[in-house]
Amino acid sequence: MVDTGPLARVEGEGSLRIERYGANVCAVQLNIFEPPRFFEGFLRGRKVEEVVDIVPRICGICPVAYQVSAMNALESLFGVELDEQVRRLRRILYLGEWIESHSLHIYLLAAPDFLRVPDVLGVARIDPDMVKDALALKRLGNGLMTVVGGREIHPISMKIGGFHRAPKRESLLEMLPEIDRLRETTERMVRFVFNLKKPSLKREPVLVSLRNPDRYAVDGGDIVTSMGSRFPPSKFEENFVETEVVYSNALQSHLKDGTPYEVGPQARFNLNFEQLNPVAKEMAKEMGLVPPVTDPFQNISMRAIEAVHALEEVRLEIETYSRPAHPSMPYQYKAGTGYGVSEAPRGILYHSYVVNVKGQVERAKIVPPTAQNLARIEEDVRLLAPRIMKAKETEATRLSEMAVRNYDPCISCATHFLKVEIADVGKDKGRN
Amino acid sequence: MARKPTVGVFKFSSCDGCQLSVLDAEDQVLPLLGKVELRDFLEATSTSAGGPYDMALVEGSITTAEDVERIMQIRRESGTMVALGACATAGGIQALRNWGSMRAVEEATYPEQKTARAMEKSLPVSDFVKVDAELRGCPVSKGQLVQFLATVVRGAKPRIPTNAVCFECKRAGNACVVVAGKIPCLGPVTADGCGAICPSFGRGCYGCFGPSDDVNLESYVSWLESKGVKREAVEGLVKMINSNSREFREWLERLG
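Those sequence lines, one after another, are chains A and B. Heads up, the first sequence stops at 475 in our numbering, and the numbers go up one at a time, no gaps. Heads up, the second sequence stops at 479 in our numbering, and the numbers go up one at a time, no gaps.
Honestly, the hints are just simulated from the structure, not real lab data. Possibly wrong hints are sitting among the right ones.
[Claimed, not checked] Quick list of simulated restraints, FRET-style, between CB atoms: (1) A:175 <-> B:445: 52 to 58 Å; (2) B:418 <-> A:362: 27 to 33 Å; (3) B:437 <-> A:159: 40 to 46 Å; (4) B:258 <-> A:273: 49 to 55 Å.
[Stated by the list, open to error] Each computed DSS-like pair below joins lysine-lysine, with the alpha-carbon atoms no more than 27 Å apart: (5) A:90 <-> B:405; (6) B:405 <-> A:175; (7) A:202 <-> B:405.
Please read these numbers as outputs of a predicted model, since none were measured by experiment. We put the CB at the ideal spot given by N, CA and C, even for glycine.
Please work from the sequences and hints to get the whole structure.
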């Protein structure tokens with residue numbers, strides 16, 4: 044039996060358990076022991092205006108994703124059309140979060156595995172310049188979030204219809220020299236990531252991402268799958284089902300027929316490759332990374348390419364930004380259900396809210412990316428199990444942890460939402 | 224030279240944001256971590272050396288029976304215990320469930336629920352063990368955190384101010400959102416540390432850092448009412464991030 048104990052360098056707390064009888068692996072269980080926090084429970088009865096300050100608290104690593112998915116849901120219900128510059132600001136804020144989160148993952152959480160050191164201090168002993176790169180990129184992502192959002196963790200500027208205040212054009216232009224300087228850094232990051240010696244795993248995952256007609260989807264879009272289907276956010280719950288597993292505090296998502304699926308960089312890269320910024324696309328091609336790429340250990344490479352993409356796109360967005368005359372649009376309450384999605388750094392984040400005519404939330408449902416990836420992670424570990432079983436103990440632990448860490452799982456996100464599923468089951472929704 | 228102080232960073236029920244603030248202190252993070260012996264910090268390192276710890280930094284609120292046992296164990300192994308952020312110091316946003324009958328709803332709707340177990344209430348660390356220092360905020364202030372750690376590492380006694388947000392707001396040169404815009408704002412009754420970011424963005428403070436020293440919330444709310452701000456609007460702000468901090472909780476309880 045392999046039992047990793049608490050998994051390090053992931054966001055939140057969980058462990059992985061692989062059971063074997065004779066030569067056969069009989070069970071792979073990703074056990075999430077992070078306690079549930081019941082967000083959907085206490086969202087009930089809150090004013091819609093408060094949602095933007097409540098939901099980011101689900102995750103300190105991707106608060107903007109929570110804010111944007113929630114605003115997409117409520118704004119679509121109220122029929123608010125955002126100003127073009129306001130949309131641009133949201134993307135700048137969101138891309139800042141991508142840059143911060145991807146650089147955190149690549150250098151601080153994942154690189155230690157490949158370099159066989161326990162943490163970033165170990166990385167710093169091997170290559171201090173690389174850690175400087177990591178921190179500079181992270182600082183830029185945080186800086187963008189601070190200019191637009193007021194602070195990097197749990198930003199305070201967003202509201203239904205736009206922002207409380209839009210930054211001056213000059214405040215964003217000031218970021219451009221640092222962005223330019225970091226283009227070289229991201230190129231080094233891509234080379235570093237591609238040169239890492241990676242394990243490999245053959246498999247055929249079902250990939251799911253958003254698609255936006257105008258750009259590599261970040262702040263919204265339709266949902267598309269590698270099986271060729273495409274549907275709007277309102278059809279999310281018709282296409283994916285969540286089930287409870289007895290050993291874990293998190294639900295797991297599957298397709299209707301029970302097949303696991305994958306969201307995140309690998310899904311986005313494969314499904315929206317043509318929409319990558321030319322600089323990022325060229326770099327991927329130069330590295331020999333072109334779709335289809337279905338090896339989960341290449342997730343880190345795609346994160347690096349996406350970081351390049353985010354940096355280039357943020358540059359273009361800032362160049363074309365002008366301060367909107369009105370930072371937000373007015374809106375009126377409307378009773379009904381609003382659906383919203385966006386691409387969190389780890390994949391699709393789905394929100395839906397049932398709102399009454401007084402502007403209160405009657406029901407909320409939130410499906411974070413990590414919950415959607417859990418079943419897929421277990422499947423990967425199952426496929427790797429023969430190798431894991433043959434390896435010595437430390438290597439077995441390293442390999443199985445890497446298989447989990449490929450997805451940069453955010454366990455704090457994945458457990459918050461058990462409550463709503465409970466509420467749904469007793470009322471209007473069956474469980475498969 | 225004396226040995227490096229041993230440090231453990233621990234997480235309970237939370238969003239990881241306060242721990243991330245340690246890593247977000249980009250320029251200071253390596254020098255700081257280099258000055259201590261990091262024995263446990265699950266989010267950042269595979270090293271898990273175990274106690275004893277000269278200092279334990281604790282993020283998150285206590286919500287399960289296992290949490291209670293674990294926090295007591297950490298306390299036994301730690302010299303100084305520091306609670307990081309609104310969850311650890313006041314129960315956090317998940318303490319909003321303390322105000323409803325969440326358990327009743329849970330049991331009524333899903334009686335067979337077997338896995339996710341949580342206690343009736345989300346509670347601060349100090350309800351269970353002695354806490355030596357608290358850093359407030361949702362998330363904690365990176366500046367306060369770095370200053371605090373740097374002071375401790377040098378062996379000096381840290382001082383954590385809890386003035387009202389108004390002091391920072393005035394220094395930032397903001398027009399008062401209550402006086403100028405009749406916008407409900409908790410600035411006068413909330414501890415500073417955030418840099419008065421909400422009023423700087425033209426909105427009211429919603430109390431991320433919890434009550435400041437010697438607040439009289441009812442007196443302030445009455446004054447707000449005289450300015451034309453509705454009581455319900457203030458209640459929504461108080462019943463948010465720090466609803467279970469003593470001063471905010473007692474005021475909410477009196478509302479019934």
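Hints, one by one, checked against the model:
Checked against the hint of 52 to 58 Å, the pair residue 175 (chain A) and residue 445 (chain B) passes, with Cβ atoms roughly 54 Å apart. Hint check: residue 418 (chain B) to residue 362 (chain A), Cβ distance near 28 Å, so the stated range 27 to 33 Å holds. Under the hint 40 to 46 Å, the C-beta atoms of residue 437 (chain B) and residue 159 (chain A), about 54 Å apart, miss the expected range. For residue 258 (chain B) paired with residue 273 (chain A), a C-beta distance near 54 Å keeps the hint of 49 to 55 Å intact.
At most 27 Å may separate the alpha-carbon atoms for a hinted pair to count; residue 90 (chain A) and residue 405 (chain B) meet this at roughly 19 Å. Between residue 405 (chain B) and residue 175 (chain A) the CA atoms are separated by roughly 46 Å; this puts the pair beyond 27 Å, and the hint is violated. Distance restraint check for residue 202 (chain A) and residue 405 (chain B): the Cα-Cα separation of roughly 18 Å lies within the 27 Å cut-off, and the hinted pair is therefore satisfied.
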